[in-house]
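Here is how the chains run, residue by residue.
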Amino acid sequence: MTDSKYFTTTKKGEIFELKAELNSDKKEKKKEAVKKVIASMTVGKDVSALFPDVVNCMQTDNLELKKLVYLYLMNYAKSQPDMAIMAVNTFVKDCEDPNPLIRALAVRTMGCIRVDKITEYLCEPLRKCLKDEDPYVRKTAAVCVAKLHDINAQLVEDQGFLDTLKDLISDSNPMVVANAVAALSEISESHPSSNLLDLNPQSINKLLTALNECTEWGQIFILDCLANYMPKDDREAQSICERVTPRLSHANSAVVLSAVKVLMKFMEMLSKDLDYYGTLLKKLAPPLVTLLSAEPELQYVALRNINLIVQKRPEILKHEMKVFFVKYNDPIYVKLEKLDIMIRLASQANIAQVLAELKEYATEVDVDFVRKAVRAIGRCAIKVEQSAERCVSTLLDLIQTKVNYVVQEAIVVIKDIFRKYPNKYESVIATLCENLDSLDEPEARAAMIWIVGEYAERIDNADELLESFLEGFHDESTQVQLQLLTAIVKLFLKKPTETQELVQQVLSLATQDSDNPDLRDRGYIYWRLLSTDPVAAKEVVLAEKPLISEETDLIEPTLLDELICYIGTLASVYHKPPSAFVEGSRGVVHKSLPPRTGSSESAESPEAAPSAGQAAEQPAVIPAQGDLLGDLLNLDLGPPVSGPPLAASSVQMGAVDLLGGGLDSLMGDESEGLRSDVGGSPAMGGGGGFAAPGPAVPAGVGAPLGSGLGDLFDLTGGVGTLSGSYVAPKSVWLPAMKAKGLEISGTFSRQVGSISMDLVLTNKALQVMSDFAIQFNRNSFGLAPAAPLQVHAPLAPNQSVEISLPLNTVGSVMKMDPLNNLQVAVKNNIDVFYFSTLYPLHILFVEDGKMERQMFLATWKDIPNENEAQFQLKDCSLSADAVSSKLQGSNIFTIAKRNVEGQDMLYQSLKLTNGIWVLAELRIQPSNPTLTLSLKCRAPEVSQHVFQAYDTILKN
Amino acid sequence: MIHSLFLINAAGDIFLEKHWKSAVSRSVCDYFFEAQERASEAENVPPVIATPHHCLLSVYRHKIFFVAVIQSEVPPLFVIEFLHRVVDTFQDYFGVCSEVMIKDNVVVVYEVLEEMLDNGFPLATESNILKELIKPPTILRTVVNTITGSTNVGDQLPTGQLSVVPWRRTGVKYTNNEAYFDVIEEIDAIIDKSGSTITAEIQGVIDACVKLTGMPDLTLSFMNPRLLDDVSFHPCVRFKRWESERILSFIPPDGNFRLLSYHVSAQNLVAIPVYVKHNISFRDSSSLGRFEITVGPKQTMGKTIEGVMVTSQMPKGVLNMSLTPSQGTHIFDPVTKLLSWDVGKINPQKLPSLKGSMNLQAGTSKPDENPTINLQFKIQQLAISGLKVNRLDMYGEKYKPFKGIKYMTKAGKFQVRT
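These protein sequence lines map, in sequence, to chains R and V. Residues in the first sequence are numbered consecutively from 1, following full-length UniProt numbering. Residues in the second sequence are numbered consecutively from 1, following full-length UniProt numbering.
None of these hints come from the bench; they were simulated from the model. Built from N, CA and C at the ideal position, the CB exists for glycine as well. Errors might be hidden in some of the hints.
Some but not every residue of chain R turned toward chain V, in silico, with C-beta under 7 Å [as the list claims (entries may be wrong)]: (1) 38; (2) 40; (3) 245; (4) 246; (5) 251; (6) 253; (7) 254; (8) 325; (9) 569; (10) 926.
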């Protein structure tokens, strides 16, 4: 009765039996036999041996039998190409059949047989079918072109099928249009350059018409295709949006999401003042909310997309917080995504509700979910300042539950809250300390130790607490060991009298008994620091920490904009651009949001920010376990504190060694990290009153240690040192004939923080010159001579003198045109001469122009797009590293470097003497000597000059 | 587009595979099995799994994983929607969608799948079209086919395939012309400990069963269409008419279909028809806990609440429960710790309650988590949102059809925290 009978086997051997049945004269028996063969095939059994027998059954007028044989053929033709040829005649004949169903079936099946010899025979029937009178055949043939292209792309192009396919976009039948679009989209995915879907207002109009009439699947293809179109102005964008919005009410969620993509993209072009813009925003919320009542798998995809939408346009869903509340029987993958979005939507208005919910989740069963909920409370505290107090008290409540993993998570997040709001919630420390014993996870232990160390002065028994950890020092994870080392050093600096023993113990544990280089190095640094100059040690170790960022792991804006263009696709689920996962990334064209009309025309200008690799992409507030080193260093050493006095003091001590060099590199100086005399006998310390370690480190360790530190502390390393920025060759500023025989040539330079004007004065007159003086007119950056012009002896005829005139930037300011114009007056005993010169802007780039990565990200976002300028640096074939080191010499600092599809992106910052920050993104393609430079600055007028500075620096 | 489909049962066996392009080795499913192993329950297997060369998208329905393999960038929702359509089609063809049923009808399944996709592009997914192409198996037809040697594959081009109304076949004839509409609303709600509503929303649908001769053109209007501000329509509904006049105008598909679904969001006030009073307490240092719940009607607009069912997942520490219901039957499964109480109707004069004690594991501290109570119920002849159909008119045909409309309210995901 049922098909399961096809699976019964007989003793004689299944294949043998089937063969006999297939060759039977009785139609019915034949059909049953083919069914058995198909049944075996579906469960993965190999029935390819029956190929000739099955193909023999193909010549039949029974449609079902024909279809079954076709099914078989599609599966096995590849393994039996010679045999498959036998079927060709029947296919060609069927393509002429009066029944459109059979014509379509034949052309459809032929396309599925992936055998070269057959594809040759396919061309003629396919050509006919593409022009068939019956739309059903045409739409099937359209898909067949995509199949053929997959097998033999060249053939498709040679035969002109692509043009025929393009013509089908104007077909009268919407279904044919949809399939043609689908086929073309698939083909162009593997041929990104072919520009198959050449969209123009006319073709767009046709697509929009077909959109209303075709099937749901066709609508998806058409909408996805529309999303690639770039409307010429905001009016066109609006009219497309108007015609797409009805799709938001479609029952098929894929249609809805594709429509959302088109709207989100084209909205970029609409002015925010437009009434329509507001209407559109309002229309977007309900369909997104509706997606959340669908099946969990759909919800998941929807939530991943909503996560992007909320980051791009939080206003759409800001009132819909409640739909993201978690139901206890939601699958875990839905719960975690909802939680993420809840935090993104959290604001002062809804924080009370959110907190109540989070607290509820923290008592659920699923451990992963509970942990994430507790973290979420911490993130709320950091995000919504007004809620911090409530969050802390919620966390305290949770700690009272004594559920082990809840307590641990809570302590980890409280550490972050302390950092965000210093000196506010330290009263809870006592409660935290009560739970010290229950902490068994490294992250929680490390967090607790950090707290004890940081607030050692408020915790009476801090030394006892830390000592208790010290007992099992070697069993701890590196994270905890490092934290413990730092905490005890902090404690010592705060309470030096009673903790000497403890600090010596930990230093010797770290340096002598440990084989972890990070730990050992940090141990040595502290040791040397403490033994050399405890005051400096205090300044370094107890330095004020930078506040942590407010926003919680946002996706970097360039990536976000790209992902918005990919709403509804896999990329939007992975939160990665397609190039990161698509096979061979052959077909990847970067998509970008259209620019708002009226803003800069560069469509590709990225809106965004630096990152080194995926991990660093998100400025994580909650530090990931992985980057503990960077994080710890950050915690302890903080921002560059007053560097020079420290370095100076160590020089005075005559101990220009490990500490001097090492610290300089910590301070972000460009020194080359540790010198190689690490192993040498360290100097005896003065202030601390205890002995530095003996020559414990074998000399051989020195070099690797040094380079290790260099790596750890700074990416910049290497070049640059103290050479100062690029100095242009001198040029003549004032020719002799204009100044009664005085010729002045000169250039500007910047060295170790000071600017100077290097002048050569030549006397080409016949009389002696004396009484030189110089004065600057007011200028854009307040440049002024820092000292009078000193020409010691009178200048005899035909004599030259070289003078370096130090400059400062405290003079009076007046905006000049061009910006870097400097008007100078030089006086001598003969007359007063005036000339003007242009100074290169890079002499104004200051040494502390390196921005914190997070600051950079925030600033880049903050600066409006109109302020962005893009330039091309031609004929520069340097590698990214060479570029970066060259620029660093002139105080242009590389903050991050990232490789995107083979091109290097450098993110750089620089600061001008008057405090103006300039952020840059430099794109370097390996084979292309032209670099693309995008500059963002609050004072956009400097961009042009900064570009010139780049140009000069890189070309010399 | 969609490359292949694997059907996998709960035990992790692949019992059917179908490839629409070149064959993909079943070893690709190993990544799925890994994910399946990691997930605590089948429902928790993530729907999107990335592998080095492919992406696996899956849905879990009727204890079967439908795993689609894709190779290029394809909208995941498109794939998942398609998989749902496959499940619906199986259900439509065979009555139930189960492993046994699929194995029994493997050839039909294969034929159907072949018709649904061509080279990974959807071909025919409307059930009426599919049924014309490949007739569903019935006992009678199997017998007739065996005797006459005829086939269950249609050789006519389905009329719906290319018409402007692909959802309706031509030449429909009935002796009794009837059109029935069911307005069904489900309340999703979370109620907190104290009984106040945290969130509540209504998911409504209008399901139709239309058996009308010819090409009828229907209009359906509502008393209060303003309620419907978030709707998803069947493709047959003319959107423009709705936009301008708030009237549903459509040529219906033949037979059963979902005319529209709508959503009444959390921002509107949603009436909650039941309340649950609960007193569940675990005491430290005691191996006995108290359990007491009472269910009662709240805003029911005078209608009776029926089919009430209470389920709750008790904490692991609960060994057993000895409870007495005032009505209905209850079961506690000591292995899964699932308590279910089939209450039946609520009589407002005598509220149903379930009382008793819980045996807790001795010596352990009280459970961290509180059980959440899940509620199911039905109210006939009421759409809780207040939605009401005004009238149904038919144009284009001359006969007079029978018309009917039914309302029902049900609990969707209705949860009470304790």
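Quick rundown of the hints versus the structure:
no., hint, in the structure
1, 38, "holds, 6 Å"
2, 40, "violated, 10 Å"
3, 245, "violated, 9 Å"
4, 246, "holds, 4 Å"
5, 251, "holds, 4 Å"
6, 253, "holds, 5 Å"
7, 254, "holds, 4 Å"
8, 325, "holds, 5 Å"
9, 569, "holds, 5 Å"
10, 926, "violated, 26 Å"
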